[in-house]
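Novice: Letter by letter, the chains look like this.
Number of protein chains: 2
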Amino acid sequence: MDNLDSQLRFVLEADRLKSVLRVSTLCDGSRRENSAEHSWHLALMATVLGQYAPPGTDLSRVTTMVLLHDLVEIDAGDLYVYADEAAHERQAAAERAAAERLFGLLPPEQGAALRALWFEFEERVTPDAIFARALDRLQPLLANYQASGRTWQANGITADQVLARVHLIEEGSAELGEYARNLVADAVRHGYLAPAPDTDSGESIHTG
Amino acid sequence: MDNLDSQLRFVLEADRLKSVLRVSTLCDGSRRENSAEHSWHLALMATVLGQYAPPGTDLSRVTTMVLLHDLVEIDAGDLYVYADEAAHERQAAAERAAAERLFGLLPPEQGAALRALWFEFEERVTPDAIFARALDRLQPLLANYQASGRTWQANGITADQVLARVHLIEEGSAELGEYARNLVADAVRHGYLAPAPDTDSGESIHTG
Numbered sequence: 144m145d146n147l148d149s150q151l152r153f154v155l156e157a158d159r160l161k162s163v164l165r166v167s168t169l170c171d172g173s174r175r176e177n178s179a180e181h182s183w184h185l186a187l188m189a190t191v192l193g194q195y196a197p198p199g200t201d202l203s204r205v206t207t208m209v210l211l212h213d214l215v216e217i218d219a220g221d222l223y224v225y226a227d228e229a230a231h232e233r234q235a236a237a238e239r240a241a242a243e244r245l246f247g248l249l250p251p252e253q254g255a256a257l258r259a260l261w262f263e264f265e266e267r268v269t270p271d272a273i274f275a276r277a278l279d280r281l282q283p284l285l286a287n288y289q290a291s292g293r294t295w296q297a298n299g300i301t302a303d304q305v306l307a308r309v310h311l312i313e314e315g316s317a318e319l320g321e322y323a324r325n326l327v328a329d330a331v332r333h334g335y336l337a338p339a340p341d342t343d344s345g346e347s348i349h350t351g
Numbered sequence: 144m145d146n147l148d149s150q151l152r153f154v155l156e157a158d159r160l161k162s163v164l165r166v167s168t169l170c171d172g173s174r175r176e177n178s179a180e181h182s183w184h185l186a187l188m189a190t191v192l193g194q195y196a197p198p199g200t201d202l203s204r205v206t207t208m209v210l211l212h213d214l215v216e217i218d219a220g221d222l223y224v225y226a227d228e229a230a231h232e233r234q235a236a237a238e239r240a241a242a243e244r245l246f247g248l249l250p251p252e253q254g255a256a257l258r259a260l261w262f263e264f265e266e267r268v269t270p271d272a273i274f275a276r277a278l279d280r281l282q283p284l285l286a287n288y289q290a291s292g293r294t295w296q297a298n299g300i301t302a303d304q305v306l307a308r309v310h311l312i313e314e315g316s317a318e319l320g321e322y323a324r325n326l327v328a329d330a331v332r333h334g335y336l337a338p339a340p341d342t343d344s345g346e347s348i349h350t351g
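Sequences listed follow chains A and B, in order. Just add 143 to the spot in the first sequence (first one is 1) and you have our numbering. Just add 143 to the spot in the second sequence (first one is 1) and you have our numbering.
Here chain A stands alone, though its shape is the one from the complex:
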């Protein structure tokens, strides 16, 4: 029963991810999304969009990865993907410490295995991790588009910044990448997303 006590402590601690708010909203724009429901959405996408993963992708590992990937935010909080590099470095250190603490609640062997899976997602080297990260980029793009780009507008994000992240989707899946690239073009056409600033004129748009 010792194992079960540690495992349930982990399960209860995980509940706190439901209170970590992301910058993105639900598709209907009604409120900000939390990281637990975001993780559920990614796992559902792994089930439904698995056919676009490269051959040999282990969708069951991808699913577990996306279920776990944001748990570290319980301690480290969510960082907006368009934050600056220094903020991303601080965040990475905070997330490593969080992974030690959270996966450390589990029985040692199980904790090490899940921590390794989390780190694999972060490193984005294996095919499973590359596909999992592609889903993690695609989901907020879909939601932002559905919500008429309000998160982009509120944060002064322009098309070039969004496109700079689309390669993460393309590397995980050619079809999903192509879809994402077209969606960005469509978002600009509809006025949901501002076009790239014209660098020749010296004009620039700063993020808020």
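No wet-lab data here; the hints were simulated from the structure. Careful: at least some of the hints might be erroneous.
[To be verified] Examples of chain B residues lying across from chain A (beta carbon under 7 Å, computed): (1) 157; (2) 164; (3) 210; (4) 313; (5) 317.
The beta-carbon is built from N, C-alpha and C at its ideal position, and this holds for glycine as well.
Model the placement of chain B on the given structure of chain A, informed by the hints.
Specialist: Coordinates of chain B only, in the frame set by chain A:
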């Protein structure tokens, strides 16, 4: 690309599950839980508590089942587990219609496979479904206990009513069932949950 369009329509429709509220609260009692984050929690539990499933359980199928199991609530809404039988019958009919519509958004073969998995969960006959349903019973029990039983109290639920559902956990896993039975006894001891009414005295407590 035809398949992808239908699949993404399903993925976007699924987003609405984040707005379906359950009767249970988060563990800290701060707000009601929604069915998407509840489904995430169950999938995480399938990963972490898999060792308590009967031998031969396919945890990857269990995970997919719990990810999907509440999607029908997008149309049918959530029904409190302690509602009366007539309400449960109306709910079952509404959920079947919802399953037709929602899984019908997908390419036919994929939609039929996921609809069958949803129905398997509902029927609770296969070992995978019996374990998945055990997790679905255990999670709100854990949350209610953590939140000092406020949902039980608000709805006038007594220990006998909770125990009448614990067999669903025991049938999925002896260890998890034993844990749940002890937790109910503990909840009564702490005053989180009212004991069974003394039927000899003719006293009874009606649910609200």
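Novice: Does residue 210 of chain B pass the interface hint, meaning its C-beta sits closer than 7 Å to a C-beta of chain A?
Specialist: holds, 5 Å
Novice: Tell me if the interface restraint on residue 157 of chain B is satisfied: Cβ within less than 7 Å of some Cβ in chain A.
Specialist: holds, 6 Å
Novice: Would the hint on residue 313 of chain B stand, with a C-beta cut-off of 7 Å toward chain A?
Specialist: violated, 15 Å
Novice: Would the hint on residue 164 of chain B stand, with a C-beta cut-off of 7 Å toward chain A?
Specialist: Interface hint status for residue 164 of chain B: violated (12 Å vs cutoff 7 Å).
Novice: Any CB of chain A closer than 7 Å to the CB of residue 317 of chain B?
Specialist: violated, 12 Å
Violated hints, in rising order: 2, 4 and 5; the structure is consistent with all others.
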